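Undergrad: Whenever a hint applies, use it, and build me the whole structure from the sequences.
Order-wise, the sequence lines are chains Y and A.
Each residue of the first sequence is one higher than the one before, counting from 1 in the numbering used here.
Each residue of the second sequence is one higher than the one before, counting from 1001 in the numbering used here.
Derived from the structure by calculation, the hints contain no laboratory data.
Note that the structure is a prediction, hence the values are computed from the model and not measured.
The reader is advised that the hints may include incorrect statements.
If you only want the chain Y side, here are some residues facing chain A, beta carbon under 10 Å, derived [unchecked claim]:
1. Ile22
2. Ile103
3. Trp117
4. Ala126
5. Ile128
6. Ala129
7. Ile152
8. Val163
Straight-line C-alpha distance at most 27 Å; calculated DSSO-like pairs for lysine-lysine [as the list claims (entries may be wrong)]:
9. Lys1026/A / Lys1044/A
10. Lys41/Y / Lys26/Y
11. Lys44/Y / Lys1181/A
12. Lys1181/A / Lys41/Y
13. Lys1038/A / Lys26/Y
14. Lys26/Y / Lys1043/A
15. Lys1181/A / Lys181/Y
16. Lys43/Y / Lys1043/A
17. Lys1038/A / Lys1026/A
18. Lys1181/A / Lys43/Y
19. Lys1044/A / Lys43/Y
20. Lys44/Y / Lys1038/A
Beta carbons: idealized from backbone N, C-alpha and C, even for Gly.
2 protein chains.
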Amino acid sequence: MEAVLASAVPVFREHGYDGASIDLLKEATGLTAGSLYKAFKDKKGVFAAAFTYYVEDRQRQLAERLRGLRTGRERIAETLRFYLDSASGSEGRQGCLVLAGLIEATTLDGALHDALWRALANNRSALIAMLREGQEDGSIRSDLVVEPCADILLGLLQGLRAVGKLHDPADHDALVATALKTID
Amino acid sequence: MEAVLASAVPVFREHGYDGASIDLLKEATGLTAGSLYKAFKDKKGVFAAAFTYYVEDRQRQLAERLRGLRTGRERIAETLRFYLDSASGSEGRQGCLVLAGLIEATTLDGALHDALWRALANNRSALIAMLREGQEDGSIRSDLVVEPCADILLGLLQGLRAVGKLHDPADHDALVATALKTID
DNA sequence: CGATATAGGAAACATTCGTTTCCTATGTCA
DNA sequence: TGACATAGGAAACGAATGTTTCCTATATCG
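TA: Structure follows, in structure tokens:
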């Protein structure tokens, strides 16, 4: 099950929801249409499962990279680096499933719309939490208003994935430094 | 011709390339399939024409809002406001055609890929130009390295459109102020 | 061992897709 | 006026879409 989701995710990432045909999903997963429809109710069901798998996997990866970092500022910096890495190379070209879902958000039905919304809200909450932690450990000014910072960072992270579809971000260190100025 | 493109653009913005069926385009433009295929070679041709129309219209709108602004910093701030407005309300929900194209960039053929690339490169160049202007008129520090700033701003602008698909950005002034800290 | 549940595959389903063909108006120029 | 070019529409095309049905193995449990 995990294997079929792991192989279905790239299809949706590259082609978006509409662009990902059952044929492509068959090819990627090695399964046949009948099997797919036995495991998932719908094509939407496949997407929904792939989506939550992707989001959870991504959170796990980020948590892994954040582990051991002491200050809130360091964790924000590492989060930026994580997204810059994700926006580079073949990973960047493959794109972000959240972003792909976002594009067809109008079309997608209620449940998927909510999942999308929750994914974005979680990212925002995580950023706010890191900012608050930074304020408590002294790595971020305590009079900084965190909400607009979180919103800007959230937008920036998604945007990096977007332009990463076309070409790699250059000079990660300079980009991180520039982005971090928003929380000075 | 301009009218049919203007009515086709929202379809692609909402549904992406694959999601925009000929039926939807027929409905939106009021034309029939035969007429569409007489005017445009392909569905890709319709998208290509809609895309350049959208980009040019957008540039025109932005130039209009930038007119009369004296300093480079003010122009950057207004550009941010322009994107925040575009990310709000029904305009925001409709989404950005560049972003929609970006998602399926892997799938799209060479000419469209290039058009996408050019649109992004133009935005980046415009940001760099405004930053340089700001350095000359004294509104931006002259020792600022402009390339990373432009890259961050470019990413941020696209990202704002992305999250604007789901909900409106809050407190535009605070967001602009936060974003502008990257060029301090 | 035998009955049964289950995961997966083959093949056909109706529908929708992008596309083409052919026809009908309307307007232009000699 | 009459020949012709052109813009648009109606209808059908094959191919691809999402989906379902039915069958075949394999494994589980009595």
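Undergrad: Determine for every hint whether it applies to the structure shown.
TA: Okay, the hints, checked on the actual structure:
| no. | hint | verdict |
| --- | --- | --- |
| 1 | Ile22 | 14 Å, violated |
| 2 | Ile103 | 5 Å, holds |
| 3 | Trp117 | 6 Å, holds |
| 4 | Ala126 | 15 Å, violated |
| 5 | Ile128 | 13 Å, violated |
| 6 | Ala129 | 18 Å, violated |
| 7 | Ile152 | 5 Å, holds |
| 8 | Val163 | 6 Å, holds |
| 9 | Lys1026/A / Lys1044/A | 15 Å, holds |
| 10 | Lys41/Y / Lys26/Y | 15 Å, holds |
| 11 | Lys44/Y / Lys1181/A | 41 Å, violated |
| 12 | Lys1181/A / Lys41/Y | 48 Å, violated |
| 13 | Lys1038/A / Lys26/Y | 36 Å, violated |
| 14 | Lys26/Y / Lys1043/A | 26 Å, holds |
| 15 | Lys1181/A / Lys181/Y | 6 Å, holds |
| 16 | Lys43/Y / Lys1043/A | 24 Å, holds |
| 17 | Lys1038/A / Lys1026/A | 13 Å, holds |
| 18 | Lys1181/A / Lys43/Y | 44 Å, violated |
| 19 | Lys1044/A / Lys43/Y | 25 Å, holds |
| 20 | Lys44/Y / Lys1038/A | 35 Å, violated |
Checked against the numbered hints listed earlier, the structure breaks hints 1, 4, 5, 6, 11, 12, 13, 18 and 20; every other hint is satisfied.
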